[in-house]
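Given the structure of chain A, go ahead and fit chains B and C onto it with the hints provided.
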Amino acid sequence: MLTALSVTALTLLLIYSMVTNALPAIQKFGWHFLFTSTWDPVKEIFGALPFIYGTLVSSALALLIAVPISLGIAIYLAELAPQFIRQPLSFLIELLAAIPSVVYGFWGIFGLAPFLRTAVQPFLSKYLGFLPLFQGQFFGVGMLTAGIILSIMIIPTISSISREVFLAVPSNQREAATALGATRWETIRLAVLGYSKTGVWGAVILGLGRAIGETMAVTMVIGNRPQISVSLFAPGYTMASVIANEFTEATGKLYLSSLVEIGVILFFLTLIINGIARFLIWKVSNKAKGRIRE
Amino acid sequence: MKKFFLGLILTTLALSLTAGPTLANKLLLINGAGGTFPYPLYSKWFYEYAKIEPVNFNYQAIGSGAGIKQITERTVDFGASDAALTDKQMKQAPGLLHIPMTAGAVVISYNLPQVTQRLKFTPDVLADIYLGKITKWNDPRISRINPGANLPNEGILVAHRSDGSGTTNIFTSYLSSVSPEWKKKVGFSTSVNWPVGLGGKGNQGVSGIIKQAEGGMGYIELAYAITNNLPYADLQNKAGNFITPTIETTTEAINGALSHMPDDFRVSCVNPGGANAYPISGVTWILVYKNQPNHVIGEELVKFLRWAITDGQKYSVDLLYAPLPESMVKKIEQRIDEINY
Amino acid sequence: MNIYKRRKIINAFMCSATFICATITLLPLISIFIYVLSKGASSLNISFFTHLPRPVGEPGGGMGNAILGTLTLIGLTCLWAIPVGVLSGVYLAEFGNNKFGAVVRFSADLLNGVPSIVIGIFAYILFVVPMKTFSALSGAFALGLIMIPTVMRTTEEILLLVPRTIREAALALGISQFRMTISIVLKTALPGIVTGILLAIARIAGETAPLLFTALGNEFWQRGIMQPIAAMPLQIFAYAISPFDDWHRQAWAASFVLITIIFLMNFISRLVIYLQRKSLKAK
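Residue numbers (our numbering), protein chains in the order written: chain A, 1 to 294; chain B, 295 to 635; chain C, 636 to 918.
Bound-form chain A, shown alone:
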């Protein structure tokens, strides 16, 4: 009871201390903080838009890459893979989640970024260069790199939850589809995917929540530059990275509280996202198992 209370108390304390420390910036900049893009410690003008943009774009990019792949993995593991492959393969994929973020960043700098700069980015710009997304200099580090690293990091989350959701689909659904003469893929599409749509959405949004809060790996590969640029090759900045880079050295009071306010925004953003994900997963688990508690 006491310990349970302490968990709630700590959470409340966390919110309270974050908000009070962010208060000077909130009072000074108001809503402008969210919609202006100047980040100027010299003149003490702060706007968080480039960071919010960077966080959203890098996470969206991560989802764009991770969702199809994760679903493919989940379908393969739950429906298609031979029995003896399932356990080892899912273990390997979950190992991806166990690699520390700082090691991802390290690998990103020395493995992924040079590869992207010399192979992938020239290729993209040659064949898709007419799109503003793939124009500009090849830095290696930048929004694209951050998106790819993030996608690798969230694939285990999305695929393992989706797999659970697929496995929870009652087998009579599948049998019904097969009996009607559906091919294997049609069974998966109609019976399995259709049945578990909500749960998969939950998994995706949970992955999004993880991508948004990710700090170290992104900081090491995104280029750390507060600008809004259409090109995915350009460097960017995320909310979590700006805190990691500048928090220990923010001298002025306003500078510090602006960074804390970014922390508050990040907190509420992940809060909303996780809330939605939990709701969706809860809904699907209720649907599958009936009411288990509460």
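Everything labelled a hint here was simulated from the structure, so no lab data went into it. A hint or two may mislead.
Stated by the list, open to error - These stretches of chain C come out as covered by chain A in the derived footprint (C-beta under 8 Å, 3 or more residues):
#	region
1	665 to 676
2	819 to 826
3	844 to 853
4	861 to 872
Every residue, glycine too, gets a C-beta built ideally from N, C-alpha and C.
Same frame as chain A, but now just chains B and C:
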């Protein structure tokens, strides 16, 4: 199972809590944090000093801005910065002393494998690159001052610091002193609103970007450029001469600033007058409180500071820092004597 | 093309696409392994585990302090996070079927979703500023906040799986609900809880962001919990962004050690689950 597990945790804990102090012979630990600019020299100093005195200095190179902030909050025993505190910052940290430790040059380093000669920059070209007005290596304004250089038709990948940094302060002070436009648009500080470029954390981070990307260029401390085998450029000084950054040309710049050295040592050495002075130089300070809260730590700090500005100076040259001029050392010793502990 | 043929082709295409997805994902894993093994394992030697870091240019030197520091941080974190997490989980499972339980559950979910960097700020404000020193303690506090929700929710979930019949049998024998929970329910659920704890440890062992403003880092051996302490992830971060090849090698070696520790934890926890299943089947 439970007992095994609990035992494992307790053993690890007991082991780690006791092993640390035993291995360290219960030496005094003094914590400091600050600039990455003097980090190679400081880590050498602390390494050598630990051999002759029973005290360990833990220095974390997290940026000059962080050094100022953390000593103001008194979360460390000493701070280190290559940027002097502003008057506003001094108010928040009353009684904080600036002790000059060494001097160094900030060099313009680049990664152009096909260019064999040392590049030259004029102040206005440098400012315009950082303002985003010159974006290609083969821009006529660059090739005009570098005849014969095989400059590629590639974009300039400008790198700067992403954290608060004294190196940035020195560099942006310099740009502000040579370019009115820079002064008006950007200004100078430990971190500024950069018009272009990629951010790297620390001198290490910026050298990392330059080293890993062809066409990269950035401002780093001389020692970082040399230890990484990165080429660096000659820069035109106030007298109109193109100067290669070396220890001698840096010392000349510091000597040029001695005449207007204020009592609290908060001096800026950028763009001095001497004929052979390298224009982007600066001193770096250790920040300590005049009234030390802890007697033992205060005593050891003072002892170390004295050693560093006298005996310690001999390590500077090897690591490419400019030793402090003799006349300055005398003044600094007087200031160290004022520390109470 | 007739419709049957088309359906067949689509079927074959999609089914092999899922297989390709699974293979593609393994590529980064393999690539990371190759990097860590080829660059890290070759830089490992005895002095890596026993020596302190040296200044740039000095040969030798290791990361003994960071390895010890990471172990200490994990130990300190477990010391407070396991009791709080497990007990809260027990409370939720056994007595938490009310409004207060829902509030606690919600706050644990909240805490679980907080980005680790924000937790770092919180620990800095709460511990470092008032105590006027960076410390191992503040680092362990931050890591604990990350660990608690995981431990708590797994404990709760595992306890709920303990069959009602066991509880009722215990109560029927006349022991108090408290005793029943501690000596019967907890004992039955122990392997599951241990697994949860191990996974939580594996997660915090690699955390960097919350340590940046709390543990700070230390170039020497640690001096108790009120002083800054070194940690492997911090050291990897500092060395990774440096331009010195020597330090890169050290960072790869540290990554190798860290990943080995974390994988070992994962492996052990799986072993625990496996053994438990086996013993259940035997019964």
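Cross-check of the supplied hints:
no., hint, in the structure
1, 665 to 676, "holds (count 4)"
2, 819 to 826, "violated (count 0)"
3, 844 to 853, "holds (count 3)"
4, 861 to 872, "holds (count 3)"
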